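From first to last, the protein sequence lines stand for chains A and B. Quick note: the first sequence uses this note's numbering, first residue 1, plus one each step. Quick note: the second sequence uses this note's numbering, first residue 1001, plus one each step.
Source of the hints: derived by calculation from the structure; they are not laboratory data. It cannot be assumed that every hint is accurate.
Claimed, not checked - What follows is a set of in silico ranges between Cβ atoms, one per label pair, in the way DEER data are often shown: (1) A/ASP192 / B/ARG1166: 36 to 44 Å; (2) A/ASP59 / B/SER1145: 19 to 27 Å; (3) B/GLU1141 / A/ASP192: 53 to 61 Å; (4) A/ARG58 / B/LEU1066: 41 to 49 Å; (5) A/PRO41 / B/SER1145: 27 to 35 Å.
Stated by the list, open to error - With the Cβ distance kept under 10 Å, some of the chain A side facing chain B (calculated, not the full set): (6) GLN51; (7) ILE81; (8) ARG89; (9) LEU90; (10) PRO92; (11) GLN105; (12) GLY106; (13) CYS125; (14) PRO130; (15) SER134; (16) MET137; (17) ARG145.
These figures come from a predicted structure and were not determined experimentally. Ideal Cβ positions, reconstructed from N, Cα and C, are used throughout, including at glycine.
What follows is each chain in one-letter form.
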Amino acid sequence: MSGVHIDIVSKQHHHGHRASPTIGPLQLDIAPNQFVCLVGPSGCGKTTLLQMIAGLDRDYVGQIVGSTTRLNNTRLADTTIAYMFQNPRLLPWYSVRQNIELVFQGPVPTTLIDQLLVTMQLEPCQHDYPQRLSLGMQRRVAIIRAFAINPDLLLMDEPFVSLDAPAARQIRKLLRCLWQQRPHTVLFVTHDVREAIALADRLIFLSPSPMQTLADIAVDIPREQRDDEVAIDTFKTRLLSSHPEIHDLL
Amino acid sequence: MIAQAFGQRTLAALSLLTLFAAWHVAALLLESRTLPLPATVAATFWQACASGELPYHLGMTLLRLLASFSIAMVLGCAIGVALGRHAGLNAFFDNWLLIFLNVPALVTIILCYVWFGLDESAAILAVVINKLPNVIVTIREGARSLDQDLLEMAESYRLGKWKTLRHVIWPQLYPFVMGATRSGLALIWKIILVVELLGRSNGMGYQLHVFFQLFDVASLLAYTVAFIIVIQIIETGLLKPLERKAQRWRR
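The shape of chain B in the complex, shown without the other chains (with noise of 0.2 Å):
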């Protein structure tokens, strides 16, 4: 088993290393400015860092992030519940989320941009209508798999709602909310992006759109890392413990 895992990391390093090499490799041979050494990108982060800079865009990025992911969560299990639990209402919805599902992330910033200006609100409305429909989708799909035999227990032992929302059905819906949580951030980032690109003066976007003027690739490719390390920190910190917690009982 040591042996095992050891031999996994060292293949894991082994893996990166090389993919570093052949890009230092690469950069040598072209000799251009369009692709910088790993070390002068390296230099260029840790500058952005030191400045401020970096961490103050990343900051904005992220608060972005935050709200309307949460927003969008909120929403997106009050909604997906409520589809999967009653027929009819879902019935009559299901066209809807099918357009709001099908329409480019791209029409809907411009249009909660066209139709409400270029502020924060419109920014984070853009997200939450792109995340929006995923979420309830995937909730929904949990909500109509709820066991029904368990229901029944709460019911005839009289649990009442709450009990019955906190302790059977959240539960359940737990997998399905890790899903969504799962392909929503992964989808948030790069809608993020290019709201703050079009219409924000600060953020990552707003900074790779600067550097894609300027054609600065360091900073380009710096912000880039910085950006792999804020997903993976979410990832390996926050989302798999969390998983892991509520795999506990699992057989």
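This is chain A alone, in the form it adopts within the complex (with noise of 0.2 Å):
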């Protein structure tokens, strides 16, 4: 339901007294309801930008407005923001349920939340505490938090780095369904453009610091055959053949 426009002049990381560009200048329109992956080298500064996009890191020159179908700039402050962090950051002190429930402003979807446990195979483990559980477990209870509240925008950070690849191709698929069944704007971060040409209507290269936009590609695959690794392996092959310029970031 929110677009996103990112207009960055300048974006710079202050170190003691010296200061250094580390993003910009950086212009993207991400449309309402777009899946789009940023794809780029460690370091180049993609989490920053989420965080800015969050509303987190306000020092920056430039501006990160919401638009949505009807009217153009909305504040980014009034849509509903999902942020999946590359760590799970869940509360210590409560379970995996209260967890997810404490990020409901009104009324909580209990049937929501049992089914989305249900999927992530958390179920039997939804009263423990969060240090009870592995590193995984607990990435997966910060996936329900963050897909639960049916955000308007949702910001993932490398989400399913350290899950096992049965996993991880798991979660991929309950988040394009729940992507279908409630269309909403995706900004994923991942260096791995398999997945990103897996999930994405649209992929971001981005430069290592201070960041640019490399390259600008629309994936058109039909969301059926996003799970056939060749027609993913095909698209790889050709992006790579028509943008030279991408070659180092694979």
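The two chains are supplied separately, each in an independent frame; assemble them into the complex guided by the hints.
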């Protein structure tokens, strides 16, 4: 429901008295309900960009605003954002279920949470404290928390790192399924191009610091074929031959 | 396990018995008014309780304790969090804190009585001023060590100020608050007696002063026993369960 309009003139990183540019100039227009993957080398500022979009980092020159189909410039502060960080960031003093229920402003959608817990195979330990779970399980809790609030804008920062391949595949499928049921804007940071192709409508390749757009590519594989390894490989090969500038990233 | 627990119980009981036995023997040997027999102290204790004198003075002291402790904790938490979260404020007030931490308790008490008169509010203010810097320092430490990751999570999910305070910040401050409570009670007990001794006409401190002037060691010891019992009740009946409850989630 909410698109994002990003126009960053510059973003600097301060260490001591010196400042070095990390992002910019960078312009991106994310259409409402688009699923966008940001692909770039580690340390190029992808996480910083997500933090700026989430409003956690306001120290930059430029502006980031939301846009809906009806209104053009809404404040991002009014949209429901779910942010999946690289680490799970669960409250250790609350159980799995309490952690999920905490983020709701209004009534808690009990049935939805039940369903998600079952899908993520976390139902048996929903009343355990996070520290008693493995890191992979904690990540899945964080994923449920992000999905359950039905966000307008979902920010995901390499959410499937450290999950084993079958679990990652399963959650990717769930993410796609949820997104089709209830379309929302997704910004997904990854350095795994195959993952990006399997998920996204649009790939944005980013340069090392100071971060700029290297390439902006639409993924035209139909949704039904996203599980097809061959289709993804073909797309990847075509991508490489047509965009030599992103060769270093792959 | 059970045998071990039993062994420890017996040891604890034995050590207490030894203490009383040593006291008893020493008192018998000395045969002096300045060291009464444990039995005499017990009798005095019972009389003081029955006459209502001890409960009254103990109650007054407990009331003062409750008032000054609550004020010091609430103020200390608020100021401590403010200083811990704002570097500028902290830099400005750090020296004040240092000075107040190092003013001897007796000086604050005398000054409060001189400036505000020998009344209840001056007494409580004196205790609060003595306790406050300690609370502030402890809570400031807690506020500094707040988990930034969790605060960011709270902000991005728009938990709001109140929810963040209650669910994200408070549980992290809790161990520090418990620490301040523990050390605070120990400190306040001692200060409050001096406050009462110097300028009140009831309470444990006042009574101890009277007994001192009468050379009534039996009563002195009887009141001390009452004191120890009350502190132990607060410790095991209130503080330990509170702490256990807050630690449940730890591995």
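Outcome of the hint check:
no.: 1; hint: A/ASP192 / B/ARG1166: 36 to 44 Å; result: holds (39 Å)
no.: 2; hint: A/ASP59 / B/SER1145: 19 to 27 Å; result: holds (23 Å)
no.: 3; hint: B/GLU1141 / A/ASP192: 53 to 61 Å; result: violated (42 Å)
no.: 4; hint: A/ARG58 / B/LEU1066: 41 to 49 Å; result: holds (44 Å)
no.: 5; hint: A/PRO41 / B/SER1145: 27 to 35 Å; result: holds (33 Å)
no.: 6; hint: GLN51; result: holds (8 Å)
no.: 7; hint: ILE81; result: holds (6 Å)
no.: 8; hint: ARG89; result: holds (4 Å)
no.: 9; hint: LEU90; result: holds (8 Å)
no.: 10; hint: PRO92; result: holds (6 Å)
no.: 11; hint: GLN105; result: holds (7 Å)
no.: 12; hint: GLY106; result: violated (12 Å)
no.: 13; hint: CYS125; result: violated (14 Å)
no.: 14; hint: PRO130; result: holds (8 Å)
no.: 15; hint: SER134; result: violated (13 Å)
no.: 16; hint: MET137; result: violated (14 Å)
no.: 17; hint: ARG145; result: holds (8 Å)
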